Each structure stands twice: as structure tokens, then as C-alpha cells.
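S.K.: Here is how the chains run, residue by residue.
There are 4 protein chains.
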Amino acid sequence: MFVNTLEPRFLETDALGHINNTVLPMWFEASRDPLFRLFSPDMDVKNWKLILASFNINFHAETHYGTSVEIKTYINRIGNSSFDVYQECWQNGIKTVSGISTMVHFCHSEKKSIALTVAQIELMKEHLFEQ
Amino acid sequence: MFVNTLEPRFLETDALGHINNTVLPMWFEASRDPLFRLFSPDMDVKNWKLILASFNINFHAETHYGTSVEIKTYINRIGNSSFDVYQECWQNGIKTVSGISTMVHFCHSEKKSIALTVAQIELMKEHLFEQ
Amino acid sequence: MFVNTLEPRFLETDALGHINNTVLPMWFEASRDPLFRLFSPDMDVKNWKLILASFNINFHAETHYGTSVEIKTYINRIGNSSFDVYQECWQNGIKTVSGISTMVHFCHSEKKSIALTVAQIELMKEHLFEQ
Amino acid sequence: MFVNTLEPRFLETDALGHINNTVLPMWFEASRDPLFRLFSPDMDVKNWKLILASFNINFHAETHYGTSVEIKTYINRIGNSSFDVYQECWQNGIKTVSGISTMVHFCHSEKKSIALTVAQIELMKEHLFEQ
Numbered sequence: 001m002f003v004n005t006l007e008p009r010f011l012e013t014d015a016l017g018h019i020n021n022t023v024l025p026m027w028f029e030a031s032r033d034p035l036f037r038l039f040s041p042d043m044d045v046k047n048w049k050l051i052l053a054s055f056n057i058n059f060h061a062e063t064h065y066g067t068s069v070e071i072k073t074y075i076n077r078i079g080n081s082s083f084d085v086y087q088e089c090w091q092n093g094i095k096t097v098s099g100i101s102t103m104v105h106f107c108h109s110e111k112k113s114i115a116l117t118v119a120q121i122e123l124m125k126e127h128l129f130e131q
Numbered sequence: 001m002f003v004n005t006l007e008p009r010f011l012e013t014d015a016l017g018h019i020n021n022t023v024l025p026m027w028f029e030a031s032r033d034p035l036f037r038l039f040s041p042d043m044d045v046k047n048w049k050l051i052l053a054s055f056n057i058n059f060h061a062e063t064h065y066g067t068s069v070e071i072k073t074y075i076n077r078i079g080n081s082s083f084d085v086y087q088e089c090w091q092n093g094i095k096t097v098s099g100i101s102t103m104v105h106f107c108h109s110e111k112k113s114i115a116l117t118v119a120q121i122e123l124m125k126e127h128l129f130e131q
Numbered sequence: 001m002f003v004n005t006l007e008p009r010f011l012e013t014d015a016l017g018h019i020n021n022t023v024l025p026m027w028f029e030a031s032r033d034p035l036f037r038l039f040s041p042d043m044d045v046k047n048w049k050l051i052l053a054s055f056n057i058n059f060h061a062e063t064h065y066g067t068s069v070e071i072k073t074y075i076n077r078i079g080n081s082s083f084d085v086y087q088e089c090w091q092n093g094i095k096t097v098s099g100i101s102t103m104v105h106f107c108h109s110e111k112k113s114i115a116l117t118v119a120q121i122e123l124m125k126e127h128l129f130e131q
Numbered sequence: 001m002f003v004n005t006l007e008p009r010f011l012e013t014d015a016l017g018h019i020n021n022t023v024l025p026m027w028f029e030a031s032r033d034p035l036f037r038l039f040s041p042d043m044d045v046k047n048w049k050l051i052l053a054s055f056n057i058n059f060h061a062e063t064h065y066g067t068s069v070e071i072k073t074y075i076n077r078i079g080n081s082s083f084d085v086y087q088e089c090w091q092n093g094i095k096t097v098s099g100i101s102t103m104v105h106f107c108h109s110e111k112k113s114i115a116l117t118v119a120q121i122e123l124m125k126e127h128l129f130e131q
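Chains as they are written, first to last, in the working numbering: chain A, 1 to 131; chain B, 1 to 131; chain C, 1 to 131; chain D, 1 to 131.
In short, the hints are calculated from the structure, not lab data.
Treat the numbers as computed from the prediction; the structure is a model and nothing was measured.
Built from N, CA and C at the ideal position, the CB exists for glycine as well.
Just to be clear, a hint being listed does not mean it is correct.
Stretches of chain A that chain B covers, calculated by requiring three or more beta carbons in the stretch to come under 8 Å of a beta carbon on chain B [what the hints assert, rightly or not]:
id, segment
1, 2-13
2, 22-30
Lysine-lysine pairs mimicking BS3-like chemistry, simulated, CA-CA at most 25 Å apart [claimed, not checked]:
id, chain 1, residue 1, chain 2, residue 2
3, A, 111, C, 46
4, C, 111, A, 46
5, B, 49, D, 46
6, B, 46, D, 72
7, D, 111, B, 46
8, C, 46, A, 112
9, A, 72, A, 49
10, C, 95, A, 49
11, A, 112, B, 46
12, C, 95, D, 95
13, A, 95, A, 49
14, A, 95, B, 49
15, A, 46, C, 46
16, B, 111, D, 112
17, D, 111, C, 95
18, A, 111, B, 95
Please model the entire structure based on the sequences and the hints provided.
M.R.: Here it is, written out as C-alpha cells:
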């Protein structure tokens, strides 16, 4: 598990008074940085190795401005060239949002997927979600 | 079907050179405005009737800056107090992204769901997705 | 003058119930697209010719969700290699925000400014702000 | 001086490969949280005391994804009911962006400015910018 602590931004609220739903994919992407670093250790955007195939987000409770949130990031499926990332947003002891993103190991110049290496799989296995 | 034509914004690109994935939930929310208007005709945010329970987004192709996109919005499930909205993003004749959002008819003061009215259901039926 | 009509997005509101101040630089950037097109007719982001040196924004009145806004874009200074863009946001007949951005004609590969051409200056002169 | 350390988000880059200019007002607003807390200690958005009158931002160098930034926040003018906040963004020992925001002590229900109290002024004086 990777944990990322974020301060909700006032601008991330909406007129209903709490964090707008479109903010969560941004917090979740920001919290996948350790995975980006695993695939592109130098964080060079010209040598990027991952693309996002899909994501789904489930809202369980309102998330508010004024208190930090913890984003917990786990691997919960490792395929041949793709894997699923499971993430939760916690605030004040409440799981407010959860979601799954499917990422693909990808070669941008050839525009095709690449098999995950044994080393990548071993590193990801350290962060598996276990219920 | 509702159609919303949008110009991708330069700031919505990322370092990979195309539209960042976190932008799509924003375009899709913006394109659900006609549904917001159906439930809150005066668009008064203090009298809001809908909440988002979940959404999922599937990326089929890159979306680019420099050419307009068309967001097509359909109803594809009508439940007792909730309904699903199916949306597609099209650019240059290509369906680049699709997604489903589950919305709940909701009373913010009592914090509970409300049954959809016959009138609301009739209006939504005009925009059903038919494959 | 260039005019761009935008629908404020629900997500662009904040907990105070109106459009958050950080949204205006985004609307203004989006409304400078015709200037981007003037300098990079093919809108190829790999061959970009402009950078932003500074901007200032003045808030005159609240901007609201639920009604479209008009962004008016003018040139109000043409220098040797730089120029100023003056922009106004209007909603319901009220000028709610105004701002000035200083743009520089720039070579990204050599990382230095380039003199504006006579043709560029002539095109910009058609959009001068005259009080 | 208040210091806020932020991790630039991948989604905050644009097609030019570095952080988009419209992101800076967001980082600066997020870094004014300690001032919001000074005026609204309970961070209750229904009892908000500040509005933004204007801001200007100057870009000195590119800001990049992959390395944290430090936002330094100072008070550099204290008026009767308003004050100026001076902020700098630093990355890898380089001041990449600076800006000034003018904030007004404001009563949202009566829609008018309120004189700063002696206590508020004393607290702000602890964070004055001195060149």
C-alpha cells in the first residue's frame, strides 16, 4: 500500500459545499505517482510507460474542505501487460470514495502494449490489496 | 440524446500531448447540464436534487487539442430513485471515450433518496439509449 | 475583438456558491485560442510559438453557474517580441472580471524571444482595444 | 512566512511538457489556507470572511512535474479592510513564479467590506515580507 496525504483545496469544493466529484480522479492520479516512478524512475514524461484504459469511482460519503484526506493505493490485479489499481479516499476515519483504474504498460512510439517484466511484477506484488 | 459541443482547452492537455484523462469526468458533468435543468429548472444550487453515486470511464482513443469534441448524453437505465447516464465523447468521427454515471434523486436537507416522479421519468424516456 | 461564449461548469463553482476565482485564467486562456491559431495555424503543440510572461486579473462582480458568459479578447499593446491581451468576462450584461496577459513570441528550441513579424502585427492590429 | 510543500500533479502539466500557467493561481490559493484559517478558524465555508479582489502572477522560469515545489506566502500590505499577499513558487532552488493577491475582509450576507481587527493585523504582521 502507498499512502498519500493531501489537503483538499478550497477551489476543489463546489456550490453544494463539499468536494466536487470530478476532483477524485485527480487525487487518485496524483496518488499513483509511486507507480509512475516504478515504471519511469527518472519521471521523464518523454519516456512514459503507462496509459490509463479505464477507471471507475464510487462515492460513499461527502468529502470536505478543511481536513486532510489520506489516499490509499493498492495493486489488486496483475495481468500480462496491464494491472488494476485500487484506491480509497479516507477523511476523519471514514472511507468517502473508492475506485479502480486499469493501467496498461505501453510503448508510446509503437502505440502498443508491452508485457510487464518480472521485476515490475515483483515490485507491484509488495503492494497487493488483501481483504 | 443531448449533444454538447466543446472546444478542448490547451490547459486540458498534459505532457503526453493529448487531453488528460481526468478532464473527461469534467466534460461529462458539464454535458449533464440538461439533466440538472430537468430536476432543478431554475438551476438554483441551493435547491439541488441530484447526487452522483458512481461513474466509470473507458478510454478508446486519444482526444486532442485543436479540434472540437461532441459529447453525446443518453439515459440508459431508469430505476426507482436513481438512473444511469451513458455518455460518449466523439472527435473527428472517432468515439474516443465513453462512460456511465449513476445519479440519485436526492433530498440534501434530509440526506435521503427520493422516488423519481412520473413526469421526470417521462422526460428522461425521450433520451433513452437504444443500441 | 474575439468573442467566446462559454457555459460555466457546475464543477467550476466553489462552496461560496459562485465561480471560483482560479477558473478565470482558464476561461481566458481558452479564449486566446484564436491568437494561438494566428501564431501556430496548424495548432501543433510541438511547434508552439507563444509563452505567457505574466497575467493579472481583477474581479468586479460574482460570476454564476446557470447562465452563459461572454469572454471578449482584445490586443492592447504590441511590442517588439511581446504583446498584451486584454480580456473581459461578461454575464447578464455585467462585466464581472477583466484581465491582462503578457505573451511573448518565443522559440522553444532555442529558449529565446523572437521579433513579431509584420504579418503578425497587422493581424493583431485588427483586434486592438479602443476605449 | 508560511511555507507549503506541494507535489506537482501529472495532470497539471500541459502539452509543452511543464506545469500549465493556470495551475499557479490554484497552488497559491491552496497555500493561503493559513490565512483563511486566521479569519475563519473553524474553516466553515458558510461563515467565510475573505474575498479576492485581484491577483497578478509573474512567470520567471518553467515549473516541472517530478520534483516538489515550495510555496512561500507573505503579507506585504495591510490596509484598512484589505491586504496584499505576496507568494513565490520555488523548485530546485529556483524561484519559478511569483504573485500578489489582494484580499478583502468581507461580510457575505451584507455584501460589504469590514475593517480588519487589531488582532487580525497583529497576526498578519508576523508574516510580513521584508526584502
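S.K.: Please list, smallest to largest, the hint numbers that this structure does not respect.
M.R.: 1, 6, 10, 11, 12, 13 and 16
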